[in-house]
Amino acid sequence: MTTISNHKKHMLQSGQVLNDRWEILEHIATGGKGEVYRARQPKLKREVAVKVVSQELIDAYEGDQEEIAAEMERFRREVLAMAATRHPNVLQVYDYEQAPIECDGREQIIDYIVMEYIPGDTLSATIPAQGLAGDEDQLRVWISKYFLPVLDGVEHMHGQGIVHRDLKPSNVLLDGEVPKLSDFGLVGGGQWKQVTRSHHVIGTLAYMAPEQYMDLAEAGFRADIYSLGKMLYKAAVGTFDKDTMKPLQAAALPRAYTTFLKALDRVIRKATAQESEERYASVGDLRLALNSLPGMAPIPGPWRRRLALSLSLAAVLAAVLVWGVWYHFEGMQPETAPPASPAAQTAQAPLTGPPAEQIKGHDEASLRLIPTGQAQDGAKVPAFYLGVTQVTNHQFVEFLNAANGSPKVAQGVVKRGDKPWLYLGEVRKGLEPIVYDQGRFRIKDPALAAHPVVKVTAFGAAAYAAHYGRRLPTPAELSLAAAGSAGGAPDHGSSVPVTGDAQMESMHAGMQGEPQANAPSVQGSKEPAYYPVTHYPPNKLGIRGLDSPMGSWAREADGRIVVVEKGDKVQAREAWQGLDWVGFRTALSLKN
Numbered sequence: 004m005t006t007i008s009n010h011k012k013h014m015l016q017s018g019q020v021l022n023d024r025w026e027i028l029e030h031i032a033t034g035g036k037g038e039v040y041r042a043r044q045p046k047l048k049r050e051v052a053v054k055v056v057s058q059e060l061i062d063a064y065e066g067d068q069e070e071i072a073a074e075m076e077r078f079r080r081e082v083l084a085m086a087a088t089r090h091p092n093v094l095q096v097y098d099y100e101q102a103p104i105e106c107d108g109r110e111q112i113i114d115y116i117v118m119e120y121i122p123g124d125t126l127s128a129t130i131p132a133q134g135l136a137g138d139e140d141q142l143r144v145w146i147s148k149y150f151l152p153v154l155d156g157v158e159h160m161h162g163q164g165i166v167h168r169d170l171k172p173s174n175v176l177l178d179g180e181v182p183k184l185s186d187f188g189l190v191g192g193g194q195w196k197q198v199t200r201s202h203h204v205i206g207t208l209a210y211m212a213p214e215q216y217m218d219l220a221e222a223g224f225r226a227d228i229y230s231l232g233k234m235l236y237k238a239a240v241g242t243f244d245k246d247t248m249k250p251l252q253a254a255a256l257p258r259a260y261t262t263f264l265k266a267l268d269r270v271i272r273k274a275t276a277q278e279s280e281e282r283y284a285s286v287g288d289l290r291l292a293l294n295s296l297p298g299m300a301p302i303p304g305p306w307r308r309r310l311a312l313s314l315s316l317a318a319v320l321a322a323v324l325v326w327g328v329w330y331h332f333e334g335m336q337p338e339t340a341p342p343a344s345p346a347a348q349t350a351q352a353p354l355t356g357p358p359a360e361q362i363k364g365h366d367e368a369s370l371r372l373i374p375t376g377q378a379q380d381g382a383k384v385p386a387f388y389l390g391v392t393q394v395t396n397h398q399f400v401e402f403l404n405a406a407n408g409s410p411k412v413a414q415g416v417v418k419r420g421d422k423p424w425l426y427l428g429e430v431r432k433g434l435e436p437i438v439y440d441q442g443r444f445r446i447k448d449p450a451l452a453a454h455p456v457v458k459v460t461a462f463g464a465a466a467y468a469a470h471y472g473r474r475l476p477t478p479a480e481l482s483l484a485a486a487g488s489a490g491g492a493p494d495h496g497s498s499v500p501v502t503g504d505a506q507m508e509s510m511h512a513g514m515q516g517e518p519q520a521n522a523p524s525v526q527g528s529k530e531p532a533y534y535p536v537t538h539y540p541p542n543k544l545g546i547r548g549l550d551s552p553m554g555s556w557a558r559e560a561d562g563r564i565v566v567v568e569k570g571d572k573v574q575a576r577e578a579w580q581g582l583d584w585v586g587f588r589t590a591l592s593l594k595n
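Start counting the sequence shown at 4; every next residue gets the next number (my numbering).
Any given hint could turn out to be false.
[Unchecked claim] With a Cα cut of at most 27 Å, we get these calculated DSS-like pairs of lysine-lysine: (1) Lys411 - Lys48; (2) Lys148 - Lys265; (3) Lys432 - Lys447; (4) Lys46 - Lys569; (5) Lys273 - Lys249; (6) Lys447 - Lys418; (7) Lys432 - Lys569; (8) Lys48 - Lys383; (9) Lys148 - Lys411; (10) Lys249 - Lys265; (11) Lys383 - Lys594; (12) Lys572 - Lys383; (13) Lys594 - Lys543; (14) Lys543 - Lys363; (15) Lys411 - Lys447; (16) Lys383 - Lys543; (17) Lys363 - Lys569; (18) Lys148 - Lys363; (19) Lys411 - Lys432; (20) Lys418 - Lys48; (21) Lys383 - Lys46; (22) Lys543 - Lys569; (23) Lys447 - Lys48; (24) Lys148 - Lys432.
[Unchecked claim] Here are the in silico distance ranges between beta carbons for each label pair: (25) Thr262 - Arg89: 35 to 43 Å; (26) Asp140 - Val20: 46 to 54 Å; (27) Gln377 - Val20: 54 to 62 Å; (28) Ala359 - Ala560: 23 to 31 Å; (29) Gln101 - Leu593: 49 to 57 Å; (30) Glu280 - Lys594: 52 to 60 Å; (31) Gly162 - Ala575: 55 to 63 Å; (32) Lys594 - Ser295: 37 to 45 Å; (33) Pro552 - Ala575: 18 to 26 Å; (34) Glu435 - Glu280: 24 to 32 Å; (35) Glu577 - Pro552: 19 to 27 Å; (36) Leu208 - Gly162: 24 to 32 Å; (37) Glu435 - Glu105: 25 to 33 Å.
No wet-lab data here; the hints were simulated from the structure.
Since this is a predicted model, take the numbers as computed values, not measurements.
Every residue gets a Cβ at the ideal spot worked out from N, C-alpha and C, and that includes glycine.
Whenever a hint applies, use it, and build me the whole structure from the sequences.
Below is the structure:
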């Protein structure tokens, strides 16, 4: 049994091990319902999230055993709901256990959930404060890229007889660019009895269906439809205020002046109708309505996807086999021997047919195809893949811990041999993303996990790229990507950065009852603002942040190392330098 002091009002402390399996690394967040910790499973060398019911919540009930039992039942339901909904757009649960602890001198048994750990943004970070209605193309992209996958996850839940009852952007985590439903603390369904007293109002008012406000037990599948409609409305109008929140009401776009917005307005009105029977009958019906919007590319529903999968399975397997052979024998750079200098890498993507518009690396980074075109100086640039965002602190920490012949740390400098890779310490006043602790690198502040890694050298950037079979881009490639189209004018994306209600919400920080903190950012004459990599919207080629103040390491054709700003401003730098305004993204050549 573990003995802890609860002077910080955290039930668990760093270094504590639950049931000889889960080592607590740090506290992430405390909400009105529970506490979440980052933990590690030493045997599998993977990081997880551990969630427990908060002691403050139990104490707040002052011995009311009925209320305490209700909270524990909700906690149990959260586990069962997550376990029953194994889906790529639903957060995965690994275990549900009990463990003895001693807290403030008293022995107690705690229940805890172990689930996948996803640091970084929530869906809120993809919605700008002014909303997306002013850019119909971006709104269509948002619906296709983020909202339709959310519908897939909700539809799968409904198929298991489960109602979420707390759907909102902050309860959708982003695993890279893959949305995952989280926070199942209010789930209901026909298989469970009511555990909330009728006079209790539980949920988030801005997204809550009227019938849920009146009685949680009355919140069925169409209550989730209402919440989804309010999420769609939120994406269009942006930050809610007293005029736009529309609690418990049907929502309507304030300025639906185009064919597309008028059609979208009809969808939102129907999804958020005050009477549940007037809403869409199912998630599938809502998806069909969205796919029918003017200018929307048809996105197949689950049955059509299954049919397409069945018809093309042999072709897919063949392509995977070809790719796997190439990757094993040619595409990977040896991890045991990172480049002595950031010289040219030969990583290439296999080309067995038309190249995919987007691929994903082993570090979960998304790379977009940049077609052949001309850079700003007129030079022809062959087609290649480029990272959608700069490499994050989380991704770089994963690389440092996975690299063979682990790098050494001396006087705050991470080195491999005599080559510095990263300079540890604060990157802005009071902001220290990465630390070295007990032989491992870790994220000190989870709110900075999805921010770009800075104070990284060109040596470190090139080693990272080589580890994953990629390379640093050339200045000409970054220039072409910044142009947005072959030979086009610079197109860095919207000049207004994405902020959302909470610019950077760490994993599970949006639990019931917890106010959200804004993203750490510093603006000044010397230090550029420090935002998550998804802060800026993608340009026409799908690349984010090319207009941000952050520079990127790049390699000229002759091997010279430079820093590129704003996509096309080039300045010479030394490979050993670690600058607090320079990060990097990776590239991959197309194999001819």
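Consistency of the hints with the structure:
For a cut-off of 27 Å, the pair hint linking Lys411 to Lys48 stands: about 19 Å separates their Cα positions. A C-alpha spacing of about 21 Å is found between Lys148 and Lys265, which places the hinted pair at or below 27 Å, so the restraint holds. Taken as a hint, the Lys432 and Lys447 pair is honoured in the structure, with Cα atoms around 14 Å apart against an allowance of 27 Å. Under the criterion of a C-alpha separation no larger than 27 Å, the hint pairing Lys46 with Lys569 is inconsistent with the structure, at around 44 Å.
Straight-line distance between C-alpha atoms of Lys273 and Lys249 comes to about 14 Å, which keeps the hinted pair within the 27 Å bound. With a CA separation close to 20 Å, the supplied pair Lys447 and Lys418 stays within the 27 Å bound. For the hint pairing Lys432 with Lys569, the CA-to-CA distance comes to about 24 Å; that is within 27 Å, so the pair holds. The hinted pair formed by Lys48 and Lys383 fails the criterion: a straight-line CA distance of about 45 Å is larger than 27 Å.
Taken as a hint, the Lys148 and Lys411 pair is broken in the structure, with Cα atoms around 40 Å apart against an allowance of 27 Å. Taken as a hint, the Lys249 and Lys265 pair is honoured in the structure, with Cα atoms around 19 Å apart against an allowance of 27 Å. A hinted pair counts as satisfied when its Cα atoms are at most 27 Å apart, and Lys383 with Lys594 qualifies at roughly 17 Å. A distance of roughly 18 Å separates the Cα atoms of Lys572 and Lys383; the hinted pair therefore holds under the 27 Å criterion.
Annotation: proposed proximity of Lys594 to Lys543 holds, straight-line Cα distance about 24 Å (limit 27 Å). A hinted pair counts as satisfied when its Cα atoms are at most 27 Å apart, and Lys543 with Lys363 qualifies at roughly 19 Å. The hinted pair formed by Lys411 and Lys447 meets the criterion: a straight-line CA distance of about 19 Å does not exceed 27 Å. Our distance criterion of 27 Å between C-alpha atoms is met by Lys383 and Lys543, whose separation comes to about 19 Å.
A C-alpha spacing of about 24 Å is found between Lys363 and Lys569, which places the hinted pair at or below 27 Å, so the restraint holds. In summary, the hint linking Lys148 to Lys363 is supported, as the alpha carbons are separated by about 15 Å, within the 27 Å threshold. Annotation: proposed proximity of Lys411 to Lys432 holds, straight-line Cα distance about 25 Å (limit 27 Å). With a C-alpha separation of about 22 Å, the suggested pair Lys418 and Lys48 falls inside the 27 Å cut-off, and the hint holds.
For the hint linking Lys383 to Lys46, the alpha-carbon distance of about 50 Å lies beyond 27 Å, and the restraint is violated. The hinted pair formed by Lys543 and Lys569 meets the criterion: a straight-line CA distance of about 15 Å does not exceed 27 Å. The suggested pairing of Lys447 with Lys48 holds, with an alpha-carbon distance near 18 Å, which does not exceed 27 Å. Using a Cα cut-off of 27 Å, the hinted pair Lys148 and Lys432 is violated, with the two alpha carbons roughly 35 Å apart.
The supplied range of 35 to 43 Å is met by Thr262 and Arg89, whose beta-carbon atoms lie about 40 Å from each other. Checked against the hint of 46 to 54 Å, the pair Asp140 and Val20 passes, with Cβ atoms roughly 51 Å apart. At roughly 58 Å, the beta-carbon separation of Gln377 and Val20 lies within the given 54 to 62 Å, and the hint holds. For the hinted restraint 23 to 31 Å between Ala359 and Ala560, the CB-CB distance of approximately 26 Å keeps it satisfied.
At about 53 Å, the CB distance of Gln101 to Leu593 agrees with the hint of 49 to 57 Å. Distance hint for Glu280 and Lys594: a CB-CB separation of about 56 Å, consistent with the stated range 52 to 60 Å. In this structure the hint that Gly162 and Ala575 lie 55 to 63 Å apart at CB holds, the actual value being about 58 Å. Distance hint check for Lys594 and Ser295: the Cβ-Cβ separation is about 39 Å, which falls inside the suggested range of 37 to 45 Å.
Distance hint for Pro552 and Ala575: a CB-CB separation of about 19 Å, consistent with the stated range 18 to 26 Å. Evaluation of the 24 to 32 Å hint for Glu435 and Glu280 yields a failure: the beta carbon distance comes to about 54 Å. The hinted window of 19 to 27 Å between Glu577 and Pro552 holds, with their beta carbons roughly 21 Å apart. The hinted window of 24 to 32 Å between Leu208 and Gly162 holds, with their beta carbons roughly 28 Å apart.
Between Glu435 and Glu105 the C-beta distance comes to about 32 Å, which sits within the given range of 25 to 33 Å.
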